[in-house]
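Q: One letter stands for each residue in the lines below.
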Amino acid sequence: MDFNLSEDRRMLSDTLRRYLTEQYDIETRNKAAYEAPFYVPEKYIEMADLGVIGAFVTEDQGGFGGQGFDITTVFEELGRAICPEPMLASLMSVRLLADLGQDAMVEDIIGGSKRPALAVFEPEAGERLADITASFANGKLTGRKSVVYGAPNADVILVAARADGKIGLYLTETAETIDYAMIDGGGAAEVILDNTAAVCLAEDSEAALEAAFDAGRLALCAEAVGAMDVLLAMTVDFMKQRQQFGRPIAVFQALQHRVVDMAIEIEQCRSITVLAASHLASDQRAKYVAMAKNLIGRTSVKLSEEVIQLHGGIGMTWEYPGAHYAKRLTMIDHQLGDALIQLHKVMHAA
Amino acid sequence: MDFNLSEDRRMLSDTLRRYLTEQYDIETRNKAAYEAPFYVPEKYIEMADLGVIGAFVTEDQGGFGGQGFDITTVFEELGRAICPEPMLASLMSVRLLADLGQDAMVEDIIGGSKRPALAVFEPEAGERLADITASFANGKLTGRKSVVYGAPNADVILVAARADGKIGLYLTETAETIDYAMIDGGGAAEVILDNTAAVCLAEDSEAALEAAFDAGRLALCAEAVGAMDVLLAMTVDFMKQRQQFGRPIAVFQALQHRVVDMAIEIEQCRSITVLAASHLASDQRAKYVAMAKNLIGRTSVKLSEEVIQLHGGIGMTWEYPGAHYAKRLTMIDHQLGDALIQLHKVMHAA
Amino acid sequence: MDLQFTKEEEDFRDEVKAFLRDNLPKDIQRKVRNNTPLDKADYENWHAIMQSRNWLGMTWPVEHGGPGWNNYQRHIVGEETALAYAPRLVAFGVAMLGPVLLKFGTEEQKADILPGILDGIDWWCQGYSEPGAGSDLASLKTRAVRDGDDYIINGQKTWTTLGQYANKIFCLVRTDAAAKAQEGISFILVDLDTPGIEMRPIKLIEGGHEVNEVFFTDVRVPVSNLVGKENEGWTIAKYLLTHERTNIAGTGFAIRDLAALKALAAKTIRNGKPLIEDPLFAKEIAETEIDLEAIRITNLRVLSESETGAASGYESSMLKIKGTVIVQRLNSLTRQALGAAAAPFPAEKLPANALTVPEDAAAAAAAYFNNRKLSIFGGSNEIQRNIIAKDLFRG
Amino acid sequence: MDLQFTKEEEDFRDEVKAFLRDNLPKDIQRKVRNNTPLDKADYENWHAIMQSRNWLGMTWPVEHGGPGWNNYQRHIVGEETALAYAPRLVAFGVAMLGPVLLKFGTEEQKADILPGILDGIDWWCQGYSEPGAGSDLASLKTRAVRDGDDYIINGQKTWTTLGQYANKIFCLVRTDAAAKAQEGISFILVDLDTPGIEMRPIKLIEGGHEVNEVFFTDVRVPVSNLVGKENEGWTIAKYLLTHERTNIAGTGFAIRDLAALKALAAKTIRNGKPLIEDPLFAKEIAETEIDLEAIRITNLRVLSESETGAASGYESSMLKIKGTVIVQRLNSLTRQALGAAAAPFPAEKLPANALTVPEDAAAAAAAYFNNRKLSIFGGSNEIQRNIIAKDLFRG
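Chains as they are written, first to last, in our numbering: chain A, 1 to 350; chain B, 1001 to 1350; chain C, 2001 to 2395; chain D, 3001 to 3395.
Isolated chain A, as found in the complex (with noise of 0.2 Å):
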């Protein structure tokens, strides 16, 4: 038994630590998360030089990485700065085109020249494939796509689409976006497909779609520890300088075990983390990525609540980097499944 990072990836995690902690300090990262396109495209290349999109797919796929703790790594380190660059979704559309063999796109994606999104879910349905409408025929996409994250600025977007009932994944480069920042930071994008040129990635893709959003979500609850961990530090701090009634509010114990709760909750959601990067690659993938999805996503926004509280009113304020933390680790939630649909599949695969 072993929970130490390999070498190569404790070096990774030194290297985007040093640099995103030198690149990306809070001002930066709010100017890039809410002026469009919603990141800063020399940082995100820069970051691929890195190695960062190279650790989300296998040596034989042109990556060095490819496993659970290596996209943890990585997101965990984002998460400790909040990062706003896209890469969940080039980490979700690179693993869906290396699967598929498109070998010279996942190179230049690896390397940053490229950079894909992946339209999947829609308006008026929920967050399921059986509900994805938009269809392909005769080359051409028509559909509605929305919430596509990475989607403004993206060089390809990865449709889900109909043709002959089953599910199918086509890539186009000229759909149509209507873009925003998101509330917590970064950007996504309404993706207007009308008759919309596109060729045929795969006929199929139902499967490799549930595990590349598996990937996603393990990363999403990767990056939450990051920024929880970051979180609970600044509170802690705040704590011991903040003043009222002539002491620091951390002595107040009624708070300091509320903290403690929240520190405590973080190590379970670090641990259970941990537990579904072992299994990104098993057959219980689903069940476990499920789990720690579900346990993030009560902590986090139970965390993100009590901080603001326990900040007072500057924990209400943009100027304050804890309150953009307390937002992307709310927003966690609402991204790829909240923690609700993921608890019914818990009870589901029970």
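This list has only true hints and no planted wrong ones.
Estimated spans, in silico, between C-beta atoms of each pair:
no., chain 1, residue 1, chain 2, residue 2, range
1, D, Lys3390, C, Thr2235, 36 to 46 Å
2, A, Ala207, C, Lys2203, 44 to 54 Å
3, D, Arg3030, A, Ala281, 41 to 51 Å
4, C, Gly2272, D, Ala3048, 56 to 66 Å
Here are the simulated PhoX-like pairs of lysine-lysine, each with C-alpha atoms no more than 25 Å apart in a straight line:
no., chain 1, residue 1, chain 2, residue 2
5, A, Lys31, C, Lys2203
6, D, Lys3238, D, Lys3141
7, D, Lys3267, B, Lys1345
8, A, Lys240, C, Lys2141
9, B, Lys1287, C, Lys2262
10, C, Lys2273, A, Lys287
11, D, Lys3273, C, Lys2273
12, D, Lys3283, B, Lys1302
13, D, Lys3390, A, Lys240
14, C, Lys2273, C, Lys2262
15, A, Lys345, D, Lys3283
16, A, Lys302, D, Lys3390
17, D, Lys3283, C, Lys2262
I should point out that these hints are in silico values taken from the structure, not numbers from a laboratory.
No residue lacks a Cβ here, since even glycine has one placed at the ideal position from N, Cα and C.
Assemble chains B, C and D onto chain A, guided by the hints.
A: Just chains B, C and D now, kept in the frame of chain A:
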């Protein structure tokens, strides 16, 4: 709008509180609660003389109450003393009998000379009338009833049983019982019906039984509110006296805030019980009683756990009265459908 | 025991409903429903409409231009205005300074200032909190030093709500630096046009601008602007804090938001069926509804008591804590109900055709974050717990 | 990163399983499964069986008759014995006094006392808490006054678990009344046959007898019974409190109880269908299972760290809090699952035909109440939170 008890109810409340304070201290209570017949027959009759049972039915029916607030007035006082006298059985039974015009028996019950129990639910089935399998034919009852409150030593047992597809109400004086104390005190029994002689009181009693159970649920809510008030006061007193680290533990803010949260919830329980009482005769009865019993169940279990924890080891001892209040409050949730069952009703009523 | 409103009270409720139906401007109502921030004109417009019936000064006696309502009437108005998606009244003049002047002000101050609150000439804001004095308000440091017939004020206030629209501010200032914390504080009125005042916006977590910092540098204010006696301002602050505030539990907002949540959950598809049919989500709604029914009765119980005696600090603290918890839980469930669609920011800037998120729920996440303030301001829920604990464990 | 046990560890697990299958007496197993209290002979029997393989002294080195296990092996044994419904070992001799003597005892004490623990001749109990010294253990008042070669002990201990079966007790006593709280305390061994000792039962909330009060009146104990130095007993107490306790999170019990709960909920009919199909109950089970999976990994993480360094107080406090919360939640759900049938008391005295409550769940309510102790004893969860807070907020 007026949240004060009427003059008559105030008098009943005062009289009953005085009686219980004088006659039902905790040692008396614990002895009665765990030694067969698990109550004190003389005291039962004295309480009947005080008008406790008369308060359960209307003047037309030979009593002097019968409204929701009459029930809550009595049971709040019983709860303050966690009195094990089998008034819940008497309440549900006498209301059923009064509605069926069984005037002579009602008179005996109000006077305390006859004591009834109500046997409805069965082992190996949920607590739904639909699940009843006991049957009546040719003047005989067959089946098994479980956890029949107040059955030990009862003079008559009302039995819900099937005949011709309907659930009717039957009366027997000769049923065999397996008596036991309940873990929180007071008596219940398994009732064995093996060609047991009985008379038919009504052939179709489903609606009447639901109404009687709702009256019972309301009573349990009020009992819980009374017990919670006393338990909170005991906990506050304990915390003011118990010294640790050179100070009364009442000064520790983390503990204070937990007590405050309980105190608030107790007020919420009082309010929802008042609301349910006001609806006992309305067409919204089932919904508001379910709401009340749900909130009571959620709160009473949580309160019991918190109180034991706040007392440390002392709250775990038989000798400490608060432990018996905590047990009673926990087990109230097990009677006549727990918080989860009530919540389902609320969800379906919405 | 009688939980019913009287016939007169129900008639009054009908009158309020009719008034709102006929007079609440549709554009303002829509903004409130959609969680779109109101602008200055919206507030002024709504105040003027309420004042057209003499309903603005809710707690004021008739002789000063108020409606002379009792607790129940104020409760009914609070509930109905919330249900109708009317704006909250801007409390600082109407519900705070007004009652303070009526109790502590000189006749001259009443005559000078009260009319301006009702007729909309003056927009008051509040200068209480400071960067180092939040929950511990009594540690405030802004100083007012006597200089002839003036005070000279130096210091900084913060969390000044809607200060960007105000022309006046009432402040707590320290007039005796030597006195113990609460004893050297005075309550003073300041014209925001006075030289030396600078107001700077504070951007909140969800991106909105509703609070401000106010900096005072050698601001000269006449002594006659003092309300009450010098160094007795804490009495006034406490009066306001424990003053019976009808609407503190916010049950009207909760009832409204619960109905909206149910409607949203009924039209939101999740896992292939309406979200409201998901038992796990329905459980959250049902529990919240039960909690709400209970606080509604608790609120009426407190109202009924305070019609005879005064509501204690204990009771308003209890209503504040539980009321904010319920509203915040509803905000959270509404946010959750949107799923992935809660993401866009700022929701109101998206093209109308951009997303199939119901217009009235598009800003649900922003509203959720913004309403975290409910358990912080006006005495945080932790401070309220301390108040209750003091009462519970006294003696 | 590797979450798997090694081949050797898995082989060891199989060996433990086989041992339990072949050696755990069925009657004892049944009592444990049914929450029936064990009697003295049951414990002695089980200790002897474990000792037959030299497995009793779990943490002891081989040269003193222990198995010489590492952390993982102890973890595996803890988990497998729990899953098999084996009794908990009586910790006071094996897991507490033994390690204390190994670290602080003289060679003579080791030679005299350790064998008696393993061979079952001595049953030790613990004299730590006092009526006025629970969470605040250092405020203990029981005094030991030197008199020649003896100490004379006066005072009262409480919460002495299974003291009714013991013949020996180790105590914390105050040997220097003038010293500050923690400094005048010593660790001493007392024979319960010594004149002046009286043990009285404490009946617990659910009716059981497992703890006792012990009264000391002029009890004369030789100075040679001191462990460690006079007035340095607090060091020993702290060593025991922060000493790495493999089983502190109780994950084995939780895994076992979760499986039993699922089986119970599958055969319990509620609202016309198996309770486990009720989404609201299934939610509780699923959330608890997720929490359990997480603590299981947290536990392994801590184990893995403590194989290289020492586990901090922070970590064992965390495992204690979360572990007890999970076990208690499972107890609570099991109690809930029984519905009305949870009522009978004491469950084991009912005739076998009395109730259709599964035999193994009949005492579920009693077990629930009894296990409220888990978050109280061995340092309450509040004390554990204080320990973690001290670490978190240090500096």
